[in-house]
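Engineer: Listed here are the chains, written in short residue letters.
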Amino acid sequence: MSTYSEGKKKGHNPTLAMILSILLAGLGQLYNRRFIKGIIFIILEVSFILTLGNFINYGLWGIRTLGTIPMVDHSIFLIIYGLVSIIILAFAITIYIYNVIDARKQAFKIQRGEKIPNIREAIRNTWDKGFPYIFVTPGLIMLLFIVVLPILFTVTLAFTNYNLYNSPPRKLLNWVGFDNFHKLVTIDVWKDTFFHVFAWTIVWTVVATTLQIALGLFLALLVNDPRIKFKRLIRTVLILPWAVPAFVTILIFAAMFNDKFGSINRDILSMFHLSIPWLQDPFWTKVALIMIQTWLGFPFVFALFTGVLQSISKDWYEAADVDGGSRWQKFKFITMPHIFYATAPLLIMQYAGNFNNFNIIYLFNQGGPAVRGQNGAGGTDILISWVYNLTFNINQYNMAAAVSIILGIIVCLFAFFQFRRTRSFKEEGNI
Amino acid sequence: MKKALSLLMALILVMGVLAACGPKRETGESKPEDTKKKTEEAAKPDKLVVWVNNEDKQKQALQDIFAKYTEKTGIKVEAVPMDMLDQVKTLALDGPAGKGPDLFFQPHDRIGSIVLQGLADPVDLGDAKGDYIDTAVDAVTYDGKVWGAPLVVETYGTFYNKDLVDKAPETMDELMEIAKNQTDASKDKYGFLMEAANFYFSYPFFAANGGYVFKKDNGSYDVNDIGLNNDGAKKGGELIGSWFKNGYIPVEVNPDIMNGLFTKGNTAVVITGPWNIPTYKDALGDKLGTATLPKIDGKIPQSFVGVKSWMLSSYSKNKEWATDLMKFVTNQENSLHYFEVAGEMPANKAALEDDKVTSDQLIAAFAEQVKYGEPMPSAPEMQQVWEPINNALAFIAKGQPVGDVLDEAVKAIKDNIAASK
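Protein chains in written order, with the UniProt record's numbering: chain A, 1 to 431; chain B, 1 to 421.
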């Protein structure tokens with residue numbers, strides 16, 4: 001420490017630097033005799049206030065009040081201005097905090113008498129340290145406006161009273177807090193439908209996805225057996241359901257499953273003197289949906305597993321044979337771990353995908369058939385198709401947003417789990 | 001220390017939010033719009049922007065009419081093609097941003113929700129009001145005000161195959177006779193088919209016996225008075241249920257199946273709309289005939305009438321001239337031209353009675369049926385009606401007790417209306 005004692009400035013006060021910087025960004029830097037940095041900060045702050053001050057003021061006012069005069073203030077626009085203002089403000093505050101911290105740190109350094117780098121050194125330091133950040137920043141800003149802003153918008157809608165009877169520009173929206181969520185679980189009309197739909201969504205996700213994975217696994221093992229011939233042909237045939245767009249397939253299935261005129265009842269089941277009400281009975285509609293989803297989904301899993309199976313070294317099995325391992329033991333201790341460690345993240349995303357599989361539910365039977373005593377959603381509506389119904393048929397934007405948030409949280413849980421699995425794959429994959 | 005700093009910053013932010021105050025402007029009596037209206041009243045604009053339905057024939061017809069208007073007044077008309085059903089949500093965003101049209105084109109049953117959103121202004125049709133058929137004016141009237149200039153009317157009627165029946169069934173009894181004699185489900189032969197589980201098509205059978213959706217008086221609807229489970233409605237429900245019970249109509253019928261069976265010549269009579277004429281004509285040729293709905297108790301039942309009309313955007317800056325343009329497009333001469341090119345029935349009275357419409361055998365029946373029709377309710381609460389009542393019809397088709405099912409449906413409608421406010 002003694003080497004610095006000459007340059008030590010007892011009078012230099014870090015607290016003063018900090019307070020100056022809080023009053024006006026850059027003042028503290030000036031006090032620290034870092035003139036260029038200080039001037040840059042001052043220019044930044046002044047220009048920020050001059051150019052964006054009004055906008056941010058308006059935006060914050062707008063998102064707080066959602067407007068005061070109908071037909072002049074448009075609450076939806078005000079929400080968006082407000083969100084943009086908050087994002088910009090968050091940037092500004094980050095820089096501001098950096099400015100204050102910087103002033104204080106430098107002041108301490110000066111107090112201790114550390115050597116101040118000259119301008120060229122300072123620039124070089126910033127460039128060396130900040131290089132990755134400088135290049136990431138534009139992308140990050142884009143990301144905020146393209147990805148985060150729409151999500152924030154949906155989230156905010158869930159806390160307003162935005163529906164058909166209360167739509168801008170004629171009416172102004174209001175903040176209603178957690179009312180919509182409260183309604184969803186307390187008011188009979190919403191509650192009954194919500195829990196019914198939620199329960200079926202879970203059953204649908206678990207059963208349909210598990211079946212498609214099981215079938216994919218079974219077929220992959222079968223086709224991979226060395227005794228099977230014409231492997232390439234069989235594989236091609238099994239991939240076919242994947243090749244036809246699901247959109248087309250589902251519509252064709254809907255026609256085929258028609259109770260009276262569809263070929264399934266008429267040509268296939270009639271041989272056994274059976275006629276199943278595929279589209280009229282909720283239970284059979286569910287069965288049909290699960291069968292179709294299994295059919296549509298297994299090729300992907302099959303292709304995935306086939307790929308992984310190829311990569312398992314024969315040595316493992318030879319070693320198992322030497323040790324006298326049974327067929328089941330080989331499957332359980334060699335094949336299974338290999339397959340699932342390699343594919344777990346993708347399989348979890350299969351579950352998440354089915355959880356929000358709007359296409360098949362909507363195209364097959366529009367969520368029908370109707371169920372007596374259940375209002376607002378059909379027998380096979382899952383949450384996402386119900387949200388569609390809420391938005392486009394009865395214009396309950398606020399409730400749709402609330403349900404969407406719940407959906408989002410659940411899918412986030414899937415994604416979170418997936419990342420966990422990914423890490424476990426990295427650590428334990430090399431069994 | 002860092003924590004304390006960020007806390008301080010957060011505090012400053014919160015203070016900033018609380019301090020944020022709104023834009024200074026005059027409130028109350030002198031709204032900006034009012035002054036605008038006064039100054040721009042009669043000024044002739046250079047051009048008017050019109051959103052037209054994105055359908056080739058319709059665009060072509062309107063293009064001709066707009067050209068005539070430009071010739072007459074010197075105002076250019078910019079026609080922007082946009083699917084009719086997308087127009088409202090686009091207007092909700094484009095309007096306030098100043099990119100909206102002066103006129104847009106909508107089916108009348110959405111008027112209620114458009115008015116609730118404040119997207120349209122009432123239209124002053126002036127003397128021209130008497131030029132449109134009453135049903136059409138009725139349809140575009142909501143809350144006692146007129147919200148559009150009707151261009152097109154649409155309803156459904158009876159189609160029959162002349163090979164299978166000599167003439168159209170005139171009464172319900174005749175129709176049932178045909179259904180009884182010609183239906184043989186095992187051979188895919190049917191006497192009579194319709195989408196009976198779709199309330200849009202089933203409404204006449206409710207209405208003929210005294211059922212109604214919302215009680216209407218003085219051009220506005222009393223949405224608390226729902227007539228879908230009164231005695232008349234239940235009688236209509238029983239009638240529809242009997243078709244399914246007797247096996248005349250299969251539960252699984254949908255438009256594809258109905259059209260397929262009719263064009264194959266397997267069905268004698270179907271009830272559907274004029275939009276099917278081209279397909280049917282291609283398949284059946286001269287064998288195809290049309291008629292009004294069969295009479296119930298000696299009267300032609302009221303079908304739902306849809307009216308497509310021009311509406312005035314509340315963001316339009318040239319309301320006077322925009323109104324003038326919509327009257328021009330829907331006058332006798334132009335709506336006839338529209339009928340000839342686009343094939344949609346005119347809402348203009350003189351045009352609807354013109355030879356060009358009445359001499360078209362297939363269309364004439366629908367033009368006749370329109371006179372007996374009743375506009376679909378344009379109250380926004382109608383949105384809450386469709387699903388419960390369609391579900392009820394599906395239950396009736398499956399043989400559930402009509403009375404209970406309709407009571408449940410009305411309760412569901414009332415619940416939905418209450419929950420949506």
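Worth flagging that the hints you see were computed from the coordinates, not collected in a lab.
Some hints here could point you the wrong way.
Beyond 12 Å from chain A on every Cβ pair, some chain B residues (computed) [unchecked claim]:
(1) D166
(2) M172
(3) Y212
(4) L239
(5) E252
(6) A342
(7) K356
(8) P388
(9) K398
(10) E408
Footprint (simulated), chain B over chain A, 3 or more residues, beta carbon under 8 Å [unchecked claim]:
(11) 172 to 178
(12) 257 to 266
(13) 299 to 311
(14) 323 to 336
Think of the CB as a built atom: it goes at the ideal place given N, C-alpha and C, for glycine as much as any other residue.
Engineer: All hints are to be evaluated individually against the structure, with a verdict given for each.
Structural biologist: Hint by hint, here is what the structure shows:
no.	hint	result
1	D166	holds, 29 Å
2	M172	holds, 25 Å
3	Y212	holds, 21 Å
4	L239	holds, 21 Å
5	E252	violated, 4 Å
6	A342	holds, 27 Å
7	K356	holds, 38 Å
8	P388	violated, 7 Å
9	K398	violated, 7 Å
10	E408	violated, 7 Å
11	172 to 178	violated (count 0)
12	257 to 266	holds (count 4)
13	299 to 311	violated (count 0)
14	323 to 336	violated (count 0)
Hint violations for this structure: numbers 5, 8, 9, 10, 11, 13, 14, all remaining hints satisfied.
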